[in-house]
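Chemist: Fit chains B, C and D with the ligands to the known structure of chain A by using the hints.
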Amino acid sequence: MAKLTVVQALNLALHQEMERDASVVVLGEDVGVDGGVFRVTDELLARFGAERVLDTPLAESAIVGVSIGMAIAGLKPIAEIQFSGFSYLAMAQLENHAARMRWRSQGRFGVPMVMRCPYGAGVRALEHHSESKEIYYAHTPGLKMVIPSGPRNARALLAAAIRDPDPVVFFEGKAIYRAFREEVPDEPETLPLGKAQVVREGDRLTLISYGAMLRRTLEAADRLAQEDGVEPEVIDLLTISPLDDETLAASARKTGRVVVVHEAHRSFGAAAEIIARLVEKAFFHLETPIRRVTGFDTTVPLFAREQAYLPSVDYIVAVAREALSD
Amino acid sequence: MAKLTVVQALNLALHQEMERDASVVVLGEDVGVDGGVFRVTDELLARFGAERVLDTPLAESAIVGVSIGMAIAGLKPIAEIQFSGFSYLAMAQLENHAARMRWRSQGRFGVPMVMRCPYGAGVRALEHHSESKEIYYAHTPGLKMVIPSGPRNARALLAAAIRDPDPVVFFEGKAIYRAFREEVPDEPETLPLGKAQVVREGDRLTLISYGAMLRRTLEAADRLAQEDGVEPEVIDLLTISPLDDETLAASARKTGRVVVVHEAHRSFGAAAEIIARLVEKAFFHLETPIRRVTGFDTTVPLFAREQAYLPSVDYIVAVAREALSD
Amino acid sequence: MPRTDIELGYRLQFLSVLTEHGELDRELEPAIADDTLRRMHRTMLLARRFDERALNLQRQGRLGTLIPAKGQEASQIGAMAPLNPDDWFVPSFRETPAAIWRGTPLSALLLYNAGYNEGGKPPQGWNNLPPSVPVGSQIPHAVGLAYAARQQGGKQVALVFFGDGATSEGDFHEALNFAAVFATPTLFLCQNNHWAISIPREKQTRSKTLAEKAFAYGMPGIQVDGNDVLAVYAAVSEATERARNGDGPTLVECITYRLSMHTTADDPTRYRKEQEVEEWSKRDPLPRFQRYLIERGLLSEQAIDEMEKEVAHEIEAAWEETQRKMHDHTDPLTLFEHIYREMPPYLREQRDALRRRLEPPRG
Amino acid sequence: MPRTDIELGYRLQFLSVLTEHGELDRELEPAIADDTLRRMHRTMLLARRFDERALNLQRQGRLGTLIPAKGQEASQIGAMAPLNPDDWFVPSFRETPAAIWRGTPLSALLLYNAGYNEGGKPPQGWNNLPPSVPVGSQIPHAVGLAYAARQQGGKQVALVFFGDGATSEGDFHEALNFAAVFATPTLFLCQNNHWAISIPREKQTRSKTLAEKAFAYGMPGIQVDGNDVLAVYAAVSEATERARNGDGPTLVECITYRLSMHTTADDPTRYRKEQEVEEWSKRDPLPRFQRYLIERGLLSEQAIDEMEKEVAHEIEAAWEETQRKMHDHTDPLTLFEHIYREMPPYLREQRDALRRRLEPPRG
Ligand SMILES: Cc1ncc(C[n+]2csc(CCOP(=O)(O)OP(=O)(O)O)c2C)c(N)n1
Ligand SMILES: Cc1ncc(C[n+]2csc(CCOP(=O)(O)OP(=O)(O)O)c2C)c(N)n1
Ligand SMILES: [Mg+2]
Ligand SMILES: [Mg+2]
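Taken in order, these protein sequences are the chains called A, B, C and D.
According to my numbering, the residues represented by the first sequence are 1 to 326, in order.
According to my numbering, the residues represented by the second sequence are 1 to 326, in order.
According to my numbering, the residues represented by the third sequence are 1 to 363, in order.
According to my numbering, the residues represented by the fourth sequence are 1 to 363, in order.
The following block holds chain A by itself, in its conformation from the complex (with noise of 0.2 Å):
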């Protein structure tokens, strides 16, 4: 048991799982030599070996190409792209062939690979190094959306989703890389995907959140239990696709009081889906619309201005007092 970051949670997840399967491998831009811009893949090549952690040539859409055909012949790729704005140029290759080689071959061939990029804003970074566009992938049959919000759950799911019999985008929050540490549980952990979590247990509203959203929504519980005395249910996604709808419309259907927050675009985005679901399992319990909390229909700004492009704990609070209101 060790108090880690995320980067940290999600590099023992890596060394754990290359450790147990000999045919998991890591391959991107810069992940060996360097250990990844982040750092998330440290170690791995010393430890492993060129043969199974490659530093790849600059072009995404063959990382994840490569990947494809690893993964059809029996490795476990893991391929990293160095931030989610650019996982768009390997748009084609997951929506094409990731996720259609198992239906494509009826069975015969599956494709059991990750994509993990850095997603989201907060970091003070350049253009397309904060975007949060899970959505493309979210609305892609075949393919998984897994968004881990702190590092017990990211190692958890990582390692999960290495194991999945099928393609799994994996979105981290650069946001929560190092904010804040967790114990994690030195023995290898998994969580089941597609299954959220409630994170706290209330009554009178229930608070849906996933990734590095989950801390401002839990800062926001926190201030209205405290200022206004009622008790918010959390729920952390953590799978994005498939949505654990049974889970949201329990805690639903008991509050009658929904907010969503994410902090990708608003329109077409996560929290519609979420609303819609609830108006398909839970109608006759809301009292009051779900509201949603979500970053702007607008281009992520350049970082003087990101923090009114993200929801605030006060956005969040005040949404959700309104929510209580009527």
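No lab work stands behind these hints: they were computed from the structure.
We put the CB at the ideal spot given by N, CA and C, even for glycine.
Heads up, a few of these hints could be off.
[As the list claims (entries may be wrong)] Under the rule of at most 25 Å between Cα atoms (straight-line distance), these lysine to any residue pairs were calculated in the SDA-like manner: (1) D:Lys203 to A:Ser23; (2) D:Lys121 to B:Pro165; (3) D:Lys203 to A:Arg47; (4) B:Lys281 to D:Arg3; (5) D:Lys203 to C:Gln151; (6) C:Lys155 to A:Gly110; (7) D:Lys273 to A:Arg204; (8) A:Lys281 to C:Lys208; (9) A:Lys281 to B:Ser325; (10) C:Lys208 to D:Arg3; (11) B:Lys254 to B:Gln226.
[To be verified] Some, not all, of what chain D presents toward chain C, calculated at C-beta under 7 Å: (12) Ile6; (13) Leu12; (14) Phe14; (15) Val133; (16) Gly170; (17) His173; (18) Glu174; (19) Ala180; (20) Tyr271.
Modeler: Then chains B, C and D with the ligands, alone, in the frame of chain A:
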């Protein structure tokens, strides 16, 4: 005034806009000598010459990337991607540049281009020729996403898209390319982007759809009128983004019952955003959960089963009756 | 020092063994066992007749869009014959003859063309990928497959087919560069059939050949008469040996010609001259190979007539079987299968909802 | 006939005018007006000092991630000097010296580095694109810009910068092929600075040079000493003339070196030897050019001292101005601007909601 198919109507718009504005150019695979694999660009080469009608090499990212450069420098490129299933190859150019250049240059450079793609199932085509992934583009700030439903609005919307100062992704339903004819005025005509149309007035129920599915939705409405004696209101979105939620909300407030129909995958699809907007703007008028009649969250099957994948008139009618019954 | 020449040391060759006029280069004639030669010929003939029969089934509306391979049989069979079943076959969409060589039942091919997912399942015992429709997108897969084979201690190579048009795609570039950098045992087989739908080879790229593009990656490239099955066999054997010995990938450009339409949805008269097609018909790989086999005493006119009959029966039998399968595979609920290895709850819900809808007789 | 050699007729040259040891090749010495030479030098010096000053502002936390250009000034200024303001400048992300030459105020560059969208607005009177961060993605834009210029009867060329790593991206391949096919007046300027973050040039691709990749598109390519501003000027002038005369694009590979870190987020000691950096420091383009100008009597040691002072003041003044601008640009509502030419209703709603939220003093 002539009775035209969608293909002929689009071809008319291209001829007239190229006639009207010398800065309009057309580029893509087989758009010149061959006149486009669906003949939408027929006769453009003969009339406007190879400088303005470019048969390009087989490279979607470059077709869009080169179009971006052309647009910045004062041309109005219309890029044809032969099928929307291959447009993901241009995703990075669209998200990284077309959608951002105006913002990045702080208003100095716009990207007045159109990316045309045949989309959708129903024509017994090969794999990748039946997709409906408009969400990828609708969720991308800086882009507009337009999908006409018939000859007259196809012509008017394409003309408007060409004249629009911002990049427009324009999906053309293969299933309606030649399915029926409509009177299309000889004089150039446009429709405003971002406006939905009430195409059938009603009171008890609102059916919302777009693109190739509008026809089935209208048929369903007729059936409901004849067999159930209800007058459903039918709304044709025409523009997916920016979404005209006011027109949708006005109808939902009136009828209190809404069913959304599209052939795109259900999860994280356009219907989810429509539901979210209506929950925000018409919640207290809703008498029953908004329902979705959509394609499944599966790969679009090869054509022997594509009709099972697509929303049928029966399916729309059945769900509408559910909505009316509670 | 100022303007110094940089020695690149490129050498590009064109390989031909059996010319269209039947001249044979004994020195280059590859050593191929007689029965292999016979199998190669029979498969080429079968593929040609299958192509013709499928085309008329399509014309009757029994099959969907077809992608004819007529004229490219030598490039495909010549490339497949040197490989083993466990080598990786990575087709584009026009590789029906190759797929037949690689153990794919005709009935599976027909089933696929009739629009049934089930037809796409690769035959057991063969490392065949299913058809890949997005042009050039399958090329990187062959790099990963080859890498994985080596990584797991195997000796397999991966051979990927693509066309002249595919060389313009970014994936072609990225994949060849990867293969060269990691020296993977990959064979890049470009069938330059002169056309990418309506775009002629000269408008696709300004390079003199497609083979020379290999040099941009420090990779060997060779151009071959793609209508000469012996030349293709020789070039691919050579490249395969290099790959198995750890000497990395090769780009092989087969000069051939698409004698038929691009697909059944295409009208070639809009963009190419009949005369060009006639010219190339004279270089048809099938009669050329037959003459060679007859001269070698491995084939005779009447053996061919025999074979024609067999082949015709084989195709009809396959079509019968296909129709039976089409009856067995009517269940639409299978469209939910193989999306994930385990069907997630929301897909099960969608499937069950569809089942319920289908139960009552439709209105 | 069998194995025939195909004559490719490639010729690749390396161009150098002024060696690191100060040897000048008079024959190749480009004719450049004295005051242009002085401006080139002054811009290189200014850019170098700006780079240094920005770096320490970043270290103080006043600026965000920076992308140093130290060592690449000759490749950039040598490439920009032959062009006109209305020619298109298509930068990657490391082209600060080029941007300075192209009329970009230092305060705009600093404002951009301080995280303000406003800093990215290109200066009036210059056809400059803003920085492009996705590697290689800007290359096709230069093809479209050049095509559009010609199409509208202009004589402008478009010059696009990219690095050695960018040559691995599909967009590089697709763009060069397009440019060659349509013979656009495009200059592809590759700054081979030996590293793509931690990936050395040799691991990026197996080709001997990057310049030879041009041949895959039937395009001329040339390799230049990128730390020799005269050689770069000469090569780009030549290519520009060809482009303006309708003779199409050229790929120019500048051999240079990134003397600094990849970005301020990077630690080069993890992947490269100090000694390599020292070796290249001896080839620093700035002193080399200074020696040449002094020998030509266009510069003197004390003129340089003078200039150093001026430049230092210029940079400080720019930083003052930047800080003032940072005060003026605090309004977050501007983040809704320039997404579309006209703000759609839903964006106005989102902006107004934000405005309302910001009005009450935050809790
Ligand atoms: C990425 C992509 N773009 C466009 C198409 C449509 N299309 C199918 S085949 C083809 C031409 C391919 O030419 P080539 O690579 O020479 O192969 P050939 O058809 O000649 O066998 C095109 C444009 C496609 N299938 N995939
Ligand atoms: C498409 C894309 N992938 C990855 C990155 C992250 N990244 C930024 S610069 C860089 C290396 C670029 O190397 P090179 O092209 O040689 O240019 P240099 O940095 O040396 O100027 C990488 C991998 C990016 N910005 N864009
Ligand atoms: Mg071809
Ligand atoms: Mg570099």
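Chemist: If a hint holds in the structure, say so; if it does not, say that too.
Modeler: For each hint, the structure was consulted:
For the proposed pair Lys203 (chain D) and Ser23 (chain A), the alpha carbon gap of about 24 Å is at most 25 Å, so the pair holds. In summary, the hint linking Lys121 (chain D) to Pro165 (chain B) is supported, as the alpha carbons are separated by about 18 Å, within the 25 Å threshold. Between the alpha carbons of Lys203 (chain D) and Arg47 (chain A) the distance comes to roughly 20 Å, so the proposed pair stays at or under 25 Å and holds. Taken as a hint, the Lys281 (chain B) and Arg3 (chain D) pair is broken in the structure, with Cα atoms around 75 Å apart against an allowance of 25 Å.
Among the hinted pairs, Lys203 (chain D) with Gln151 (chain C) is consistent with the structure: their alpha-carbon atoms are about 19 Å apart, no more than 25 Å. Our distance criterion of 25 Å between C-alpha atoms is met by Lys155 (chain C) and Gly110 (chain A), whose separation comes to about 22 Å. For a cut-off of 25 Å, the pair hint linking Lys273 (chain D) to Arg204 (chain A) is broken: about 61 Å separates their Cα positions. Annotation: proposed proximity of Lys281 (chain A) to Lys208 (chain C) is violated, straight-line Cα distance about 63 Å (limit 25 Å).
Restraint check for Lys281 (chain A) and Ser325 (chain B): the C-alpha separation of about 17 Å stays at or below 25 Å, so the hint holds. Distance restraint check for Lys208 (chain C) and Arg3 (chain D): the Cα-Cα separation of roughly 18 Å lies within the 25 Å cut-off, and the hinted pair is therefore satisfied. For the hint linking Lys254 (chain B) to Gln226 (chain B), the alpha-carbon distance of about 21 Å falls within 25 Å, and the restraint holds. The beta carbon of Ile6 (chain D) comes within 4 Å of a beta carbon in chain C, closer than 7 Å, and the hint placing it at the interface holds.
At about 4 Å, the closest approach between the beta carbon of Leu12 (chain D) and any beta carbon in chain C falls short of 7 Å, and the interface hint on this residue holds. The closest approach between the C-beta of Phe14 (chain D) and any C-beta of chain C is roughly 5 Å, which is under the 7 Å cut-off, so the hint is satisfied. At about 18 Å, the closest approach between the beta carbon of Val133 (chain D) and any beta carbon in chain C exceeds 7 Å, and the interface hint on this residue is violated. Satisfaction of the interface hint for Gly170 (chain D) is found here, the shortest Cβ-Cβ separation to chain C being roughly 2 Å, below the 7 Å cut-off.
Against a cut-off of 7 Å between C-beta atoms, the interface hint on His173 (chain D) holds, since the closest Cβ of chain C lies about 3 Å away. At its closest, the beta carbon of Glu174 (chain D) sits 5 Å from a beta carbon of chain C; the interface hint therefore holds under the 7 Å criterion. Checking Ala180 (chain D) against chain C by beta carbon gives a least distance of about 4 Å; that is within 7 Å, so the hint holds. Interface hint at Tyr271 (chain D): violated, since its Cβ lies 17 Å from the closest Cβ of chain C, which is beyond the 7 Å cut-off.
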